[in-house]
Amino acid sequence: MDLTTFLIQLLNALQYGLLLFLVASGLTLIFGIMGIINLAHGSFYMMGAYMAFALTSATGNLFVAILLGIVLSALIGFLLEWGLFSRLYKRDHLDQVLLTYGLILMFEEIRSMIVGDDVHGVRIPEILSASIQLSETLSYPVYRLFMSAVCIVLAVLMYWLIRHTRLGMMIRAGSSNREMVQSLGINIDLIYRLVFALGVTLAAFAGMLAAPVSSVYPGMGNQVLIICFVVVVIGGVGSVWGALVAALLIGLADTFGKVIIPDFAGLTVYLLMAVVLLWRPEGIFRRI
Amino acid sequence: MSHEVNRRQFLISSAAVAAGLALPSAPLFAQGAKKVRVGLMLPYTGTYAALGNAITNGFKLAVEQGGGKLGGSEVEYFTVDDESDAAKAPENANKLIKRDNVDVLVGTVHSGVALAMTRVAREAKALLIVPNAGADEITGPLCAPNIFRTSFSAWQPAYAMGNVMAERKHKNVVTLSWKYSFGEQSVAGFKEAFEKAGGKVVKELYLPFPNVEFQPYLTEIAALKPDAVFVFFAGGGAVKFVKDYAAAGLKSTIPLYGSGFLTDGTLEAQGDAAEGLLTTLHYADGLDIPKDKEFRAAYASAFKMQPDVYAVQGYDAAQLFATGLAAVKGDVGKRDELVKAMESATIDSPRGKFTLSKAHNPVQDIYLRKVEGKENKVVSVAAKALADPARGCRM
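For the protein sequence lines, the chains are A and B, in the order given. In terms of numbering that gives the first Met the number 0, the first sequence is residues 0 to 287. In terms of numbering that gives the first Met the number 0, the second sequence is residues 0 to 394.
Do not rely on the hints blindly, as some may be mistaken.
Unchecked claim - Pairs of lysine to aspartate or glutamate residues, derived as EDC-like cross-links and limited to a Cα-Cα distance of at most 16 Å, are as follows:
1) B:124 to B:336
2) A:89 to A:1
3) B:202 to A:262
4) B:224 to A:1
5) B:170 to B:203
6) B:383 to B:364
7) B:34 to B:75
8) B:224 to A:135
9) B:376 to B:274
10) B:292 to B:307
11) B:250 to A:262
12) B:357 to B:342
13) B:97 to B:122
14) B:178 to A:262
15) B:352 to B:336
Said to hold, decoys possible - Far from chain A by the CB rule (all over 12 Å, computed), these chain B residues:
16) 59
17) 167
18) 221
19) 234
If you are wondering where the hints come from, they were derived from the structure by calculation, not from laboratory data. The beta carbon of each residue, even a glycine, is placed where N, CA and C say it ideally should be.
Turn these sequences into a full structure, and let the hints guide you.
As structure tokens, then:
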């Protein structure tokens, strides 16, 4: 592998890792702060992708579609928490797994009824559709660079929100001791509702952002879900910073695994997870 | 007094029993009014749901065109959603064969599931018609008198493409596909024809199924700089691959070819990225065959959408079975006669007339198609009456 190819593969790894981080960040927030295992997380990703497809077809503009989609997902997340998930806090993890697994099946059926089972594509907006020539045969789509940039901005925003705002402080406190926060007069129910809505919106936003480069098809949420859990497990439950590091590691392992050991490419990510767990069972980082 | 009532009661109840016994015997006197039980085991949920529906529509259209009958017999359907899950396949197949006692099992799309179905059908000696799954083994090592296929084998379209690419003067080619039996068989079929014609497969790339992160492979292909690339992908993966290939600027520098699944049912989603792509398949748009024009019109008016290759395969599965049924006049018990009639049938298919090979796989023309707008327009016949070599079949 020459230097140019190596650098390009590194770029591929980083871009894939950053997108994974965006999808997994919602999961780790919900799991870490609210203690809920949300198997339906992949379905929210799928929901975002289908929203991008439907809204872009309706409005003709991907950016408008994404803005509308963000509002819609936040609303859906808010309602879901209020109606369903708020009853799960006192229950053990098995109940949560059962409920959210049921949600996966429901969302798949609803999707099948509303949009059907066909594969769909979303067009990349004109201003982002150029490609940068990297070598004489290969060029890199500008849209992928845009995606990576958005992921980095979001990572910074999340870090700022959790570490440097009052709301972030309340969230962190609420995850340590819910009752104490409540007795201090803070409406912890509302905070949890906001965090859940944020988690759902992050997953849906990732789906919307990735829709032009992935394709929109039934069952797309399930593949993403598994890898998200790997990110959360490696990075440490609840740690956004951990999710970022873990996602980048996975991006590297997956990309270079495919190139260097193609016969075992499917294993590299899980081998990485096994190694990290043996070294640090709670994941790389522990705090939010 | 009680003696009289008892006798009256006895007479009334025996009259009722006699009347009751007389009724069911009526249908027995009408020969051939027995309904034929058709078991459809197809994906109705998941990635392949659209294909499962298309095959079912095609099958039912054929029945409708026969006046609601198949080969003169009325049809009763038993449906199971196989969810494209190979692990559940034996249980699902047995549900239809043993519990519902179907006379013919029709399915499925996913090769892994179909292989399991084939093994179950072979053991139970149940009649199986495969309307899509292209695993070579089904009409290869697993072939049997009761196993039929109306679609293709993975080898067929890929082999045809091997010759096409050699004729177009490509010398060094890289292949890319998912690492599972269908992908590997496609690449093997392509390689056989291409290397026989003097070409060289420089590298065979595989990615784990159903992974769709293609970027590392595109970068590798760009670094290898072959004359052309041959791929097999289908469904959502095919959409993403074609778009990624174009976005990476490779479409204009290294020509892309593939078996027809790359562009079948995916053109709407692929958009401009697919324009001009050449693929090979046993069906195409713009065929100058009267039966095809008829079929398309009938399908469009019945289901309000255009048919695809999957609908054609389902339609032909019904036609094949109908031929057999007509020969035995609906008596499915006459298995040997039924099989003989099906084996020697010439199916008047929308893809063109075809016969079955000894291993019960279609011997058919493979078309070279070019993507023009939303259609895979036929360019030429890439291989005439191509028969799968049925390696390992002992029949």
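Hint check:
Between residue 124 of chain B and residue 336 of chain B the alpha-carbon distance is near 15 Å, which keeps this suggested pair within the 16 Å criterion. At roughly 55 Å between alpha-carbon atoms, residue 89 of chain A and residue 1 of chain A are farther apart than 16 Å, so this suggested pair is violated. Between residue 202 of chain B and residue 262 of chain A the CA atoms are separated by roughly 13 Å; this keeps the pair inside 16 Å, and the hint holds. The straight-line distance between the Cα atoms of residue 224 of chain B and residue 1 of chain A is roughly 13 Å, inside the 16 Å bound, and the hint therefore holds.
Note on residue 170 of chain B and residue 203 of chain B: the hinted pairing holds, with a Cα-Cα distance of about 15 Å set against a maximum of 16 Å. Straight-line distance between C-alpha atoms of residue 383 of chain B and residue 364 of chain B comes to about 4 Å, which keeps the hinted pair within the 16 Å bound. Restraint check: the Cα-Cα separation between residue 34 of chain B and residue 75 of chain B comes to about 6 Å, which is no more than 16 Å; the hinted pair holds. The hinted pair formed by residue 224 of chain B and residue 135 of chain A meets the criterion: a straight-line CA distance of about 10 Å does not exceed 16 Å.
A threshold of 16 Å between alpha carbons decides the hint, and for residue 376 of chain B with residue 274 of chain B the separation of about 11 Å falls inside it, so the pair holds. With a CA separation close to 13 Å, the supplied pair residue 292 of chain B and residue 307 of chain B stays within the 16 Å bound. This hinted pair does not check out: residue 250 of chain B and residue 262 of chain A have alpha carbons roughly 27 Å apart, beyond 16 Å. Annotation: proposed proximity of residue 357 of chain B to residue 342 of chain B holds, straight-line Cα distance about 8 Å (limit 16 Å).
Distance hint between residue 97 of chain B and residue 122 of chain B is fulfilled; the C-alpha atoms sit about 12 Å from each other, no more than 16 Å. For the given pair, residue 178 of chain B sits about 9 Å from residue 262 of chain A by alpha-carbon distance, which is consistent with the 16 Å threshold. Between residue 352 of chain B and residue 336 of chain B, the direct Cα distance comes to roughly 22 Å. Violation of the 16 Å bound is thereby established for this hinted pair. Its beta-carbon lying about 18 Å from the closest one in chain A, residue 59 of chain B satisfies the requirement of being farther than 12 Å from that chain.
Separation of residue 167 of chain B from chain A is adequate, the least Cβ-Cβ distance of about 19 Å exceeding the 12 Å criterion. Not every CB of chain A lies more than 12 Å from the CB of residue 221 of chain B, the least distance being 4 Å, so the non-interface label is violated. Taking the minimum C-beta to C-beta distance to chain A, about 6 Å, the non-interface status of residue 234 of chain B is violated against the 12 Å cut.
The structure shown violates the earlier hints numbered 2, 11, 15, 18, 19.
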